[in-house]
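**Q** Under the numbering used here, the residue at position 42 of the sequence shown is numbered 42, and the numbers go up by one with no gaps.
Hints were generated in silico from the structure; no laboratory data involved. Possibly wrong hints are sitting among the right ones.
Claimed, not checked - Each computed SDA-like pair below joins lysine to any residue, with the alpha-carbon atoms no more than 20 Å apart:
| id | residue 1 | residue 2 |
| --- | --- | --- |
| 1 | Lys117 | Ser132 |
| 2 | Lys124 | Leu55 |
| 3 | Lys59 | His77 |
From a predicted model like this one, the values you see are computed outputs, not experimental measurements.
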Amino acid sequence: MNDLDAQIEALLFVSGDEGVKLAELTAATEAEADQVMETLQRLQTKYATDAGSGLMLVKHGQQYQLVTKTELAPVIHQYFTAPITSNLSQSALEVLAIVAYQQPVTRIDVDEIRGVKSSAMLQKLVLRNLISVQGRADEAGRPNLYGTTEYFLDYFGLDALTDLPELGTAQTLEHLQASDQNDAEVPLFKETESAFTSDLLDESETN
Numbered sequence: 001m002n003d004l005d006a007q008i009e010a011l012l013f014v015s016g017d018e019g020v021k022l023a024e025l026t027a028a029t030e031a032e033a034d035q036v037m038e039t040l041q042r043l044q045t046k047y048a049t050d051a052g053s054g055l056m057l058v059k060h061g062q063q064y065q066l067v068t069k070t071e072l073a074p075v076i077h078q079y080f081t082a083p084i085t086s087n088l089s090q091s092a093l094e095v096l097a098i099v100a101y102q103q104p105v106t107r108i109d110v111d112e113i114r115g116v117k118s119s120a121m122l123q124k125l126v127l128r129n130l131i132s133v134q135g136r137a138d139e140a141g142r143p144n145l146y147g148t149t150e151y152f153l154d155y156f157g158l159d160a161l162t163d164l165p166e167l168g169t170a171q172t173l174e175h176l177q178a179s180d181q182n183d184a185e186v187p188l189f190k191e192t193e194s195a196f197t198s199d200l201l202d203e204s205e206t207n
């Protein structure tokens, strides 16, 4: 694998379920568009013909995306239906808290609040049926909008979203992001994260 192959493979990986456009790959790698296209075609062939790989490269519209091969669906299902307490990391609970309080939200919204990429965590929560895609945002690229599911309510013993734990004096994360006081972001987010993730962990331990 050459350097451009490795760069593009890495970008495909971190883009997660949102995928990445040819123009974005070209800009990030500073390579010519035809070089990037050749690399994408080469990677697509490599994944398709390598029986030892569980991935394949697909294109949906203008987005290129790494996905798992369909024949591996049973083992993936087995993994994501294992007991929730052994698989949901603190990062996943953090993302779940953001979606629960801010829904509907896009991946970019979640990324901006957390300060790190959240695509993998969102995908895990979707596969867990704790959140789902509930439409597309009316903005450039029409990104997916995420919200919680009925199973989310059932699992945590909630009748409705209005039963979510109170955040004390903290206002919404949306209000925080609109604030001009950049240094206020950390403490308010920490309060939100602590309030909800602690509740989730407590509920998990009782199930």
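**Q** Decide, hint by hint, whether the structure agrees.
**A** Okay, the hints, checked on the actual structure:
{"no.": "1", "hint": "Lys117 - Ser132", "in the structure": "holds, 18 Å"}
{"no.": "2", "hint": "Lys124 - Leu55", "in the structure": "holds, 16 Å"}
{"no.": "3", "hint": "Lys59 - His77", "in the structure": "violated, 23 Å"}
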